[in-house]
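Use the sequences and the hints to build the structure in full.
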Amino acid sequence: MNPNPNQSEMDDLLAAWALDALDPVERAAIDRLVASDPTVADRAYEMQHTVAALDASLLAEPPSSLGRSILDEAGSRPPSLAEPSPAVDLLAHQIDALADLLDQLDPDDWGLTAHPYDWTVQGLVAHLAVIEQYTAALLGLEVDAPQGEDHLRIGADRIARLLESPPAAVVDQWHSGAQRIVAAIRAGHGPAFDTVVGFHQWSFSVEELLIVRAFETWTHADDIRRTTGRRLWTPEASDLRTMSAFSVSTLPSLMAHVAPDALRNARVVLTGDGGGTFNLGDRAVDPAGSQFTLVTDVVDYCHRVAGRVEPEALDFSVEGDSDLALQLLSVASAFAV
Amino acid sequence: MIARIRVGDDEALSAVYERYGSVVHGVATQLLGPGDAPDVTQEVFLSLWERPDAFDPERAGLKTYLAVRARGRCLDRLRSAARRVRREVRVTESTHASSTHEYATQVEDAAVAGIAAEHLREALSRLPDDQRVAVQLAYLEGLTYQQVAASMGAPEGTTKSRLRLGLARLGRELSDWNLVTAGEPT
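So the protein sequences, as listed, match chains R and X.
In this text, residue positions in the first sequence follow numbering that gives the first Met the number 0: the first is 0, and each later residue adds one.
In this text, residue positions in the second sequence follow numbering that gives the first Met the number 0: the first is 0, and each later residue adds one.
Check before you lean on any hint, since a few could be wrong.
Computed far set for chain X versus chain R, every beta-carbon distance over 10 Å [stated by the list, open to error]:
| no. | residue |
| --- | --- |
| 1 | Asp35 |
| 2 | Phe54 |
| 3 | Arg76 |
| 4 | Ser79 |
| 5 | Ala80 |
| 6 | Ser124 |
| 7 | Arg125 |
| 8 | Leu126 |
| 9 | Pro127 |
| 10 | Asp128 |
| 11 | Asp129 |
| 12 | Ala153 |
Here are some, though not all, of the chain R residues that point toward chain X, as calculated from beta-carbon distances under 10 Å [claimed, not checked]:
| no. | residue |
| --- | --- |
| 13 | Glu25 |
| 14 | Tyr44 |
| 15 | Ala59 |
| 16 | Pro61 |
| 17 | Gly66 |
| 18 | Ile69 |
| 19 | Gly74 |
| 20 | Arg76 |
| 21 | Pro77 |
| 22 | Ser79 |
| 23 | Glu82 |
| 24 | Val268 |
| 25 | Asp272 |
| 26 | Gly274 |
| 27 | Thr276 |
Read the hints as simulated data drawn from the structure, not as lab findings.
Here the structure is a predicted model, which is why all the values come from computation and not from measurement.
Beta carbons: idealized from backbone N, C-alpha and C, even for Gly.
Structure (structure tokens):
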């Protein structure tokens, strides 16, 4: 192959490339050129389009059983998605991320109002410190804990006292409380993972409670990022997978009060790293029934679950009942606080 | 659809198959005949399922990508079979001069007989003879341009030009029939 082909020679080579009529050495050379030179790539893909059109002109219906066979085979080869983080690791990661963020704040940041709350940033961290005390009590790690059903009002007197302290002291109280929970769980102290505890008006297993705490920690960290003009942060795929899977798993019970049986043929597809495909019912039971598929980005969905995006503002697509989609997205934030 | 396939949504794979299965199977039938075409079709769609990130929507639409993959798999099989034939020829000291060409010709006979693509045949028939033969040997039989040149007794440079001119003319013809589209859904 001429190492310095003129344009006509290059076009000849690209035509042969598009037809897959180069020898392996030449093909590799043209592959590299196409990858590195946008002008060459444009011409190459134009020719490849023509070859594809030739291909398309040769339509031939495959055997009727082939589609089923492909899907069956695909079912036996599940995609390699991110492994879900264990709940305690998930919580630890979100605690670390918030601690890093708080470490970077400027003195003026602490007095900013942390939307969507009336608290300042310092007040929001004080709220988290109080909730860690409340959580520790649920796990049998704390005796002197605030009580109450209202997540936002619980420990108001403690928050007021913390607001009179320097920000660093508030951060210390929150961080040490959160880390104590993680350390205790990792050491095997506290109740078993499947023990059900009452978190305000809800009942969660201990494992679920850790996920909920991780979710809230991430959400408030993003609240602080928004307030202080920082870019939002996306957790690792494995962490997202744990949170998104848990959130989706709650949908059938949340929807049971709104539209029983509505999710019998429902599927939620969360795209992006950390997402997944979730069948909320068993489509095989009622394959002829009206099917419903909601598709959205996993991070956007988590923001919706956290109540930071309204259903109508979420970028999603739906196959099936669009009203059902809005209902589902509405109840998805039931645990948002 | 690719974003959905990436997270294991087999219904998205099914939708892509419904849309492009006949394209992939058509390419495979054309190049290999109806016997092996289903295997290649399955390989192409399972490859999409297992390695969806290999598809780059910046480079080509999904139809083009799948057709290219199908062609690649078919040509791999043809070349592998041709190598096998060559080995057998050497062992038996056969006098066949060009087993690759003969094998591919058999493939073409089987494949072309089954083509329902009047458009393509028409377009091919309108090409000048030297361009038509060159494109047929490269496209339908999977020969490299060096093999095409040897088969036609023409210089390699001339052969490459014939391929380019033939492809360009086919592109214009197919474009007239709206078979070449710029913006495919991905």
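Chain X contact restraint on Glu82(R) - CB to CB distance below 10 Å: Status violated, d = 14 Å.
Tyr44(R) as an interface hint toward chain X, with CB separation required under 10 Å: At about 6 Å, which falls below the 10 Å cut-off, the nearest Cβ of chain X leaves the hint on Tyr44(R) intact, so it holds.
At a threshold of 10 Å, is the proposed contact between Pro61(R) and chain X supported by beta-carbon distances? holds, 4 Å
Over 10 Å from every CB of chain R: does Arg125(X) meet that, or does the non-interface label fail? Non-interface label stands for Arg125(X): nearest chain R Cβ at 14 Å, farther than 10 Å.
Does the nearest C-beta of chain X fall within a distance shorter than 10 Å of the C-beta of Gly274(R)? Holds: closest Cβ of chain X sits about 4 Å from Gly274(R), inside 10 Å.
Given Ser79(R) was flagged as interface, is its beta-carbon under 10 Å from a beta-carbon of chain X? It holds, given that the least Cβ distance between Ser79(R) and chain X is near 9 Å, below 10 Å.
Going by Cβ atoms only, is Thr276(R) closer than 10 Å to chain X? Holds - the Cβ of Thr276(R) comes within 10 Å of chain X, reaching about 4 Å at its closest.
Minimum Cβ separation between Ala80(X) and chain R greater than 10 Å? Fine: 16 Å to the nearest Cβ keeps Ala80(X) off the interface.
Taking C-beta pairs only, is Ala153(X) more than 10 Å away from all of chain R? Holds, since 13 Å exceeds 10 Å.
Does the interface hint hold: is Arg76(R) within less than 10 Å of chain X, judged Cβ to Cβ? holds, 6 Å
Are all C-beta atoms of chain R more than 10 Å from that of Phe54(X)? holds, 14 Å
Does the CB of Asp272(R) sit less than 10 Å away from some CB of chain X? Cβ of Asp272(R) sits 9 Å from chain X, so the hint holds.
Checked against the numbered hints given earlier, the structure breaks only hint 23 and satisfies all the rest.
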